[in-house]
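J.: As given, the protein sequences belong to chains E and R, one line each in that order. Just so you know, we're using the numbering used here here: the first sequence kicks off at 285 and counts up by one. Just so you know, we're using the numbering used here here: the second sequence kicks off at 20 and counts up by one.
Since the hints were made in silico from the structure, they are not lab data. Incorrect hints may appear among the rest.
Simulated pairs of lysine to aspartate or glutamate, EDC-like, Cα-Cα distance not exceeding 16 Å [unchecked claim]:
| # | chain 1 | residue 1 | chain 2 | residue 2 |
| --- | --- | --- | --- | --- |
| 1 | E | Lys488 | R | Asp490 |
| 2 | R | Lys561 | R | Glu539 |
| 3 | E | Lys446 | R | Glu611 |
| 4 | E | Lys662 | R | Asp155 |
What you are looking at is a predicted structure, and each value in this text was computed from that prediction instead of being measured.
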Amino acid sequence: MSTALVDKILVSILGRALRAITDEMSISMERSSRSPILCEARDFVTGLYDAEGNMLEQTENLPILSFSLSPVCKHIAQKFAGEVYPGDVFFHNDVFSFGNQNNDVAAFKPIFVGETLVGWAACKGHQADIGGAVRGGYNPAATEVWQEALRIPAVKVYERGKLRRDVWDLIFANIRLPIVQEDMRAEIGSCTVGERRLKALIEKYGLESFEAHKRALFESTRAMMAAEIEKIPDGVYHGEATSHFDGHHPGSKAVVRVTITVEGGKIRFDYSGTDPQTTGFVNGTFTSSASATILTFLQMVDPRIPHNQGMVEPIEIIIPEGTLLNAAYPAATTFGNHLCPNNADAIMRALSPVIPERVTAGWNQLLCSLSTGRDTRKGQDTKETYVDILFMGLKGGSGALPDCDGYDHIGMIDASGGVLDQDYEMFEQISPHRLISHEYACDSAGAGRHRGGLGVETRYLVGGADTQIVTFGDGDIEPGFGLAGGGNGTLNFIDLEYPDGTRYRATTKDHVKGVPAGTVYVQHAGGGGGHGPPKQRPAELVAFDVRNGVVSLAAAQQLYGVAVDPETFAVDAAETARLRQGA
Amino acid sequence: MSENETYKLGIDVGGTFTDLFLWTSSGNVQSFKVLSTPKDPSIGVLDGLGAVAKALGLTQSQLCARLTSIVHGTTVTTNATLTRRGAKTGLLTTAGVRDALEMRRGIREDQYDNRQTNVVPLVPRYLRLPVRGRLDHQGRELEPLSQDDVRAAARVFAGESVAAVAICFMNAFANPAHEQAAAEVLRRELPAAFISVSSEVLPAIRFYNRVSTTALDAFVGPVLRDYLRALTSRLSEAGFKGALSIMQSSGGVALPDATAKKPAATLLSGPAAAPRAAAAWASPSGYPDCLVVDMGGTSFDASLVRSGAVELKSEGEIDRLRIALPMLDIVTIGAGGGSIGKVDAGGLLRMGPESAGALPGPACYGRGGELPTCTDANLVLGYLDPSYFAGGELRLDAKAAQRAIEQHVAAPLGLDAERAAVGMYRVINSNMAHGVREITVKRGLDPREFPMVVAGGAGSLHGCAIATELDIPVVLVPPVASVLCAAGMLLTDQQHDFVRSCISELARLDPERLRGLVGELTREGEAQLRRADVPLDRIEQKVALDLRYVKQYHEVTVPMTLDDVTQGDTRAVVAAFHREHDRLYGYELATEGTPIELINVRVRSIGRVEKPELPRLPAGSPDASRALKRHRRAYVPERDRFEEVPIYDGHALTAGNRIPGPALIERTDTTVFVSAAYDARIDDYGTAVVQRRAS
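Construct the entire structure; sequences and hints are all you get.
T.: Next up, the structure:
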C-alpha cells in the first residue's frame with residue numbers, strides 16, 4: 285500500500301485541526317476581552333507554534349501583527365531555555381526584541397505533553413494603553429521609545445501556574461487603564477484554550493507522529509508557496525512609495541524602495557536604498573515591516589495556502605537597520621505598523637507590470653484617530669477614562685483588479701477586512717460621543733472599467749470632558765492610485781468643527797488636546813484606485829451607482845462618459861455613445 | 020386499517036425532494052419521497068399527499084379528512100435569501116446610518132482574496148431611506164421623529180412598488196416609540212406592504228444585528244406569507260381541516276399566522292427537526308445526549324442534543340448575512356454524496372466543497388457528470404450495489420466511477436483507482452469529522468461522550484468512519500434515517516422565544532425587576548400558546564440570563580430556574596456563569612471578585628404537544644442469518660484491504676438481531692456500513708445500534 289497517500293491525508297487533517305484551534309482561540313479573545321479595540325474591532329491575532337517557535341497556524345484578524353509572533357516565540361524559547369515549565373505565562377511587547385508595535389502586547393504559554401515542551405500558544409492584541417507620555421499610546425512628538433511606551437522584554441508573569449505578583453504589579457503600575465489588566469487576562473485565557481486543544485491533539489496522534497506530520501505539513505505548504513512563486517517570471521523588479529510627514533517636519537517625505545528578485549520558487553524583498561529612519565515615531569520595526577511584506581504578497585498568491593513555517597520559507601526579506609522600515613535602537617516606532625500601506629504600494633508598483641492579473645490598484649491609505657477623555661455621563665467629576673480607536677472612520681476602499689471592482693469600506697490593507705467597525709449603538713454606550721453619520725462617500729472611488737472600493741465619511745458629536753484626539757496615518761497627499769487608465773481614489777482628511785464655528789484640519793500625525801464637547805468630528809476615508817479606462821465600464825453599472833448616490837451625475841458624465849437621466853436613472857444611449865466617442 | 024383511524028404527517032420540503040412521514044393512530048409509520056416543485060413548493064406538498072393517499076388506498080379527500088395535523092418544515096425563506104428572490108424591500112432608517120446593512124461592519128471574510136466581493140445587500144442603497152429623529156443611548160428623545168420624512172419615504176416606496184419595508188432606528192432597543200410611529204404611517208400609506216419593525220423582531224442592543232435581522236425578516240416576509248396562503252388554501256381545498264404548524268429555526272413549531280409575523284424565524288426551518296427525531300430514537304437505547312449528522316447530496320449538517328434537547332445559539336449567519344434570532348446550533352459544511360474530489364497544486368487531495376449536485380451528478384449516475392464524487396468512491400469501495408441504489412430505481416455505472424477517479428485523483432497521486440477511492444473516503448470523513456468538532460470540541464465538549472445518530476441517504480456509509488476518527492463508541496442509524504427531518508416534525512413542541520434587554524449589575528439587581536420581566540414574558544408566551552390550544556398543564560417556561568463580567572462586550576447565556584427567579588436567588592446562576600466562562604474562554608474571575616453584569620433576560624415558552632409512540636419491531640433472536648442476502652467485495656478500513664463482506668436485507672431484520680462487522684445492511688433508502696471494529700444490534704424500534712467492539 286502507499287504510505288505517501290496516508291501521510292498526505294493525515295497532514296491535511298492536522299492542518300485543518302490546527303486552524304480550528306487558532307480560530308477557537310480567536311473567538312475566545314473576541315468574546316471575553318473588554319476594550320472595544322479588541323472585542324469590537326478584533327485588533328488581535330492568535331497562533332500556535334512548535335517547541336522551537338516555528339509557526340504552526342495563525343488566525344490573523346489583523347495580519348500586520350501576525351508575522352512577528354514566531355520570531356518573538358523563538359526569542360522566548362532561547363532566552364528561557366531550561367526554565368520553561370508547565371503553567372508558565374510570558375508577556376512581551378519590546379520592539380527591539382522582535383515586537384512589531386509597543387501597544388501590541390503578546391501573551392505566550394508553553395504547552396507540555398508530560399514533561400516534554402511540545403509547543404506554544406500565543407495571543408497578541410492592541411492594548412488600550414501602554415504607559416508612555418500619551419494616553420492610548422500614540423505619541424507623535426516622541427523621538428525615543430521611552431516617550432512612547434513601557435517596554436516589556438520577554439518576562440514571565442506566571443511560573444508553574446503561580447502568578448508572579450511582583451512582576452505583574454510592576455507592569456500594570458505603569459499602564460493607565462485597569463482594563464488592560466483584564467484584557468491581558470483574556471489573552472492568557474485564549475492561550476489556555478489553545479493549550480488545552482493542542483495538547484489533546486498531540487496526545488491523540490502521539491508526539492512522534494505529530495512531529496512527522498508537522499514536518500510534512502511544512503513541506504507541502506512550502507511546495508505550494510514555491511509553486512505560486514514559480515508562476516511569476518524570474519527577474520528583478522523595483523518599486524517605491526513615499527511616506528509623507530514624519531510628525532515633526534511639515535512637508536517631509538521618506539521613500540520606501542524595494543528590489544524584488546524572483547528566482548524559481550524563491551522570492552527576495554530587499555529594501556536596501558530605503559530612506560533613513562525619521563526623528564519621530566514614523567519608523568518601522570523589522571517585524572512590522574516584514575509582516576507588511578508578507579501580508580501584501582499573500583494577496584498575490586493562492587489564498588488557501590496554510591499559514592505555517594512552510595509558507596514563509598521561500599520568502600527572504602532584507603531590511604537594513606537604520607532605515608525607515610527598520611529603525612535602530614532606541615528610536616520611536618509606534619507608527620511602524622502604519623507604514624504598511626507605503627510598503628504595500630511599493631511592492632504592488634514593482635509587481636503590477638509582471639503579474640497584472642494578481643495586483644490591485646492602490647488601496648486607500650490608513651488615516652486613523654483615537655479619542656480619549658472622561659465620560660461625564662457617569663458624573664461631572666468622574667475619573668473614569670475611555671480610549672476609543674475610531675475603526676469605522678478609517679475604512680476606505682481597496683483597489684480594483686483587471687476583472688473585479690475594489691471592495692467598498694474595507695479599510696487598511698494591513699487588515700484587509702479583518703478588523704471591524706464598532707457597532708454604532710455600542711459606540712454610544714462606551715464613549716460619550718454621538719454618531720451623526722457613517723456612510724459611503726459619493727465619488728470617492730477611483731473611476732475605472734472596474735472602479736475602486738468606496739470610501740466613507742464619518743461624523744460624530746464630541747461628548748464628555750478632557751477630550752484628546754490623536755491622529756495617525758497618511759493618504760492626505762497621495763491617493764489610492766489607479767492602474768491601466770483607472771482613476772485615483774479620494775484623499776483622506778480629518779476636520780474638527782468647533783462649537784465656536786472655527787474649523788481645524790488635523791495633520792496626519794496630530795495630538796489635539798482640549799477638544800470641547802459639541803465639536804463635530806468629520807473624517808473622510810478615501811476610495812481605492814480604479815482599474816482600466818472608465819469609459820469602458822458598462823453604462824448600466826455606472827447608472828446603478830448614480831441611482832445609489834455613490835457616483836454623481838457629473839462624474840458619470842465627465843469620467844465615465846455615461847449620460848444618466850436624473851429622474852429615471854436610465855442610460856441615455858445616444859448621448860453616452862457621443863460622450864464615449866473615441867474612447 | 021380501521022375506519023376511524025387518524026393520521027399525522029410531517030412534511031419536509033427540500034431543494035430536490037419533498038419528504039413525508041406518516042404516523043397512524045394505530046402506530047404504523049411510513050415514509051415517502053416525491054420530487055420538490057421549487058416554483059411553488061405547495062404543489063409538491065399536494066403531490067406528496069397524493070402519493071400517501073395512493074399507498075393507503077384512499078382518495079386525497081379521504082386522506083385529508085383523516086389528517087389531524089400536519090407539521091411542515093420549509094426552505095422557502097432560506098432559498099429566497101440564498102437566491103435573492105425575496106420581496107422588493109425598502110429600509111427606513113435613522114438619517115446617517117443607511118449603509119450599515121450593506122457595510123456589514125466592514126468585514127471581508129477571506130482576507131487575502133482580493134476577488135472576494137461583498138454580499139449583495141437585500142435592500143439596494145436607493146431603497147434605504149433616511150428619516151430624521153433621534154434617541155440617545157438610553158432611549159431618551161434627542162430629536163422628534165420627522166413624520167414628513169416618513170411620508171416622503173412612503174411615497175418613494177410606493178413609486179418603486181416595494182412589497183416589504185424594514186424599519187430600524189438607532190437605539191430603538193431602548194425605546195420603540197419612533198419605530199412604532201413610523202410603522203403606523205407606513206401601514207396607512209402602504210397597506211399591502213409587509214412591515215418589519217426592529218424593536219418587535221429583535222428588541223436587543225447592537226444596531227447591525229438588528230438592521231440585518233429586520234431586513235431579512237422583511238425580505239422573506241411576503242414570500243413566506245404567499246407560500247403559507249397557497250399552502251393553506253390548497254390543503255383546505257383538498258379537505259384538510261386539521262392543524263398546520265410550521266417548523267422554526269429554533270427547533271419549535273408555531274401556527275401559520277404567528278409564523279407569518281416573524282418570517283426570519285424560519286430561515287433555518289429546513290434542518291431544524293432532525294435533532295428532535297434523533298433524540299427520540301436515541302433515548303430508548305439509554306442515550307439522553309447525542310450527536311446528529313445528516314449527510315445529503317451537497318451538504319452535511321451536524322448538531323448536538325443534550326438532555327434530550329437541542330443546543331441553541333442566539334445569532335448566526337446565512338449567506339454572510341447576520342441573523343440574531345435563536346436558532347438551533349447546526350453546523351453546515353459542504354460535504355455530501357456529490358462532493359467532488361481533486362488534487363491541488365501542493366499535491367494534497369481535497370473533497371468538496373464543490374458538489375456535482377443532482378445534475379450532472381456523480382460520474383456513476385451516467386447523467387453527464389465526469390468528475391469523481393464521494394458516491395463514486397463509495398461505489399468503487401464496494402459499499403453500494405450498482406443495481407440496488409435507491410431501491411433499484413437508479414442503476415449506477417461502476418466503470419464511469421472508476422474512470423473519473425483514475426483520471427482526476429489516482430493519476431495525479433500515482434495510485435490505482437481503489438487506493439484513490441480509499442483516500443477520497445478518508446478525506447471526506449475527516450472533513451465531516453471537523454464539522455462534528457465544530458459543535459463539540461470547539462465548544463469544549465468531548466465528542467467521545469456522545470453516541471452519533473446518522474441520517475440522510477449517504478450518512479450511514481460514513482458513520483463508523485467519522486466515529487472512528489473522533490473516537491465515538493456508538494453510532495445509531497434510526498429506521499427513519501433517510502427522512503429524519505420529516506419524522507422529527509411530528510415530535511416537535513410549540514415554542515416561542517423572547518428576549519429583553521435588562522442592563523444591571525447582577526448583585527444590585529432588584530429581584531422584583533427580574534420577577535416582573537420574567538412574569539411579563541412568560542405571560543406573553545402563555546397567551547400565544549393558549550391561542551394554539553395548548554392546555555396549561557403542558558406549558559413549560561425556561562429562563563436564561565445573558566451575563567458577562569463588568570465591561571466585557573459579549574455575554575454568556577446561563578439558565579436560571581423559575582424558583583431561583585421567584586426567590587431572587589442568584590447563587591446558582593453565578594456559579595454556573597463562572598464555570599461556563601472558564602470552559603469557553605480559558606479563565607474565570609470568581610476569586611478576583613469581578614462584578615457580573617446582566618444584559619438580557621431570555622424566556623422560552625414551550626407547549627408540549629402530544630407525541631406519537633415510536634413503532635416497535637417484532638421481537639427476534641440474535642441470529643440475523645435469515646436476512647443475509649449474499650457477500651460482496653468491499654473495503655474494510657481497519658484492515659486497510661478489500662474483503663468479502665456479508666450483505667443483509669435491512670427490511671428482513673427483527674429486534675434483537677446482531678450483526679458483527681464488517682457488514683452492509685441494505686435498505687431501499689439507505690445502506691449502513693458496519694465497520695470491522697463495530698457490531699450492530701437492532702433495537703426494539705428498528706434502530707441499528709452500531710457499537711465499537713470491546714478490544
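J.: Among all the numbered hints in the text so far, which are the ones the structure does not match?
T.: none
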